[in-house]
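Could you put the whole structure together from the sequences, leaning on the hints where they help?
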Amino acid sequence: MAERPVTCGVPQGSVLGPTLWNVAYDSLLKMETPPGVQLVGFANDLTVVGTVVSGQQLEDAINPTLTIIDDWMQSRGLELAHQKSEAVVLSGRRAFVPPCLTIGGLLIPLRNDIRYLGVTLDKRLTFAAHASTVAAKAARSAAALFRLMPNIGGSAQWKNRLLASVEESQLLYAAPVWIPSVTEVAKTRAILIRPQRTAALRVIRSYRTVSDEAALVLACMPPVDLLGLERQYIGSRLRAATEPGEQRSSKAVVKREARKTTIVAAWQARWHATPKAAWTRRVIPDLARWLGRTVPAASSRCWQCSDESDTVEHTLFECPHWNGFREALSARIGRRPSTADVPDIICGPAFELLPADAHGKDTILSEAEERFRLFYGMVENTLSAKEEEERVRQAANRRNSP
1 MAERPVTCGV PQGSVLGPTL WNVAYDSLLK METPPGVQLV GFANDLTVVG
51 TVVSGQQLED AINPTLTIID DWMQSRGLEL AHQKSEAVVL SGRRAFVPPC
101 LTIGGLLIPL RNDIRYLGVT LDKRLTFAAH ASTVAAKAAR SAAALFRLMP
151 NIGGSAQWKN RLLASVEESQ LLYAAPVWIP SVTEVAKTRA ILIRPQRTAA
201 LRVIRSYRTV SDEAALVLAC MPPVDLLGLE RQYIGSRLRA ATEPGEQRSS
251 KAVVKREARK TTIVAAWQAR WHATPKAAWT RRVIPDLARW LGRTVPAASS
301 RCWQCSDESD TVEHTLFECP HWNGFREALS ARIGRRPSTA DVPDIICGPA
351 FELLPADAHG KDTILSEAEE RFRLFYGMVE NTLSAKEEEE RVRQAANRRN
401 SP
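In terms of this note's numbering, the sequence shown has 239 at position 239, counting the first letter as 1, and numbering is strictly consecutive.
Because the hints were derived from the structure by calculation, they are not lab data. Wrong hints could be hidden among the right ones.
[Said to hold, decoys possible] Taking lysine-lysine and the DSSO-like style, the derived pairs with C-alpha atoms no more than 27 Å apart in a straight line are:
1) Lys30 x Lys84
2) Lys187 x Lys276
3) Lys187 x Lys84
4) Lys187 x Lys251
5) Lys84 x Lys137
6) Lys123 x Lys84
7) Lys260 x Lys276
8) Lys260 x Lys361
9) Lys123 x Lys137
[Stated by the list, open to error] If you anchor each label on the Cβ, the simulated ranges turn out as follows:
10) Pro98 x Glu246: 45 to 51 Å
11) Ala186 x Gln83: 38 to 44 Å
12) Arg4 x Ala240: 45 to 51 Å
13) Leu39 x Leu110: 43 to 49 Å
14) Ala186 x Leu365: 57 to 63 Å
15) Arg205 x Asp45: 42 to 48 Å
16) Pro64 x Pro18: 27 to 33 Å
17) Val342 x Arg205: 43 to 49 Å
18) Gln12 x Lys251: 31 to 37 Å
19) Leu78 x Thr51: 43 to 49 Å
Remember, it's a predicted structure, so these values are computed and weren't measured experimentally. All C-beta atoms in this analysis are idealised placements derived from N, C-alpha and C, irrespective of residue type, glycine included.
Written out as structure tokens, the structure is:
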């Protein structure tokens with residue numbers, strides 16, 4: 001085997017990068033450590049975990065290990081960022097002597113919580129800080145998605161539901177680790193559900209006064225804490241040891257079990273017990289039946305001309321049923337209006353393109369103002385008439401229904 005000196009590193013993101021790093025780090029991760037001390041590595045992060053019964057024992061076990069790690073790094077031309085090192089003491093005790101941990105001659109500060117691999121670990125392992133962090137992040141995502149999920153004239157419900165799943169992914173990151181602690185406290189559970197409720201309101205296009213329980217049921221979005229418990233159940237079942245000769249259940253079977261026990265049963269119990277959403281509970285008493293309903297969704301076709309897609313563009317510019325409302329604007333611009341005309345109509349002419357003389361400028365601005373007035377009237381009259389026809393149609397359906 002030939003040996004060659006390594007004179008430089010590899011580019012970040014290269015194919016060989018992870019493999020070469022594992023080779024270089026392997027001897028460090030396998031080094032001997034005192035009893036109760038464990039090294040945990042992920043990518044280029046290294047965590048020293050010590051399990052002891054007192055602060056003094058933690059100092060005696062961790063500080064020598066930190067010195068060995070620092071020496072190992074220096075001997076291989078690597079350098080630790082001592083000032084970035086931090087520690088947290090995970091303890092159920094309310095009073096204890098804090099350890100004095102040092103590395104490279106610097107005192108390591110003890111934090112109330114630290115962020116490790118995307119999860120905020122607090123000293124009592126309540127994960128309340130983590131719940132607040134992911135909820136705030138999901139709320140920001142919801143605010144950004146609002147532009148894609150308008151309450152009026154927006155995408156279909158299933159598309160909004162797909163967008164809402166972005167929030168759920170953020171809320172449930174590494175959920176099997178922390179969800180049991182969070183679900184035990186009503187306050188942290190409510191913090192998690194708050195941004196999910198916001199997304200549910202957009203999915204069902206309802207008023208913001210609708211309660212979280214009703215919004216989640218109508219949107220067919222199980223509460224996020226139950227989704228976290230479902231993931232934990234699936235993971236534990238798939239990792240569980242099997243008896244000799246016993247066949248392990250497939251992932252699909254385990255998922256069906258989890259959905260039936262963790263989601264439907266627990267959600268149903270919570271639905272029966274809540275004092276909110278009294279009217280919604282009267283019309284949807286059985287969640288399993290609601291989630292598995294067979295009634296098709298409302299048709300998206302245009303009731304006026306039977307076109308397959310009744311979009312805003314179709315209603316305002318294409319549907320022949322509303323041609324009468326377009327006549328004034330069509331006569332003004334000399335052709336049938338289209339979506340391409342909307343920017344010029346609502347924004348008016350560019351200021352730098354206006355003529356210098358006052359008369360010419362006034363003429364162009366007056367024309368732009370008249371076009372905007374006609375467009376505004378077209379939109380208002382079309383939508384008002386359509387809404388009235390929809391009311392009449394629905395009333396007729398109710399009279400004819402058995």
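- [ ] Report the numbers of all earlier hints that the structure fails to satisfy, in ascending order.
- [x] The structure conflicts with hints 3, 4, 8, 13, 17, 19, although it agrees with all the remaining ones.
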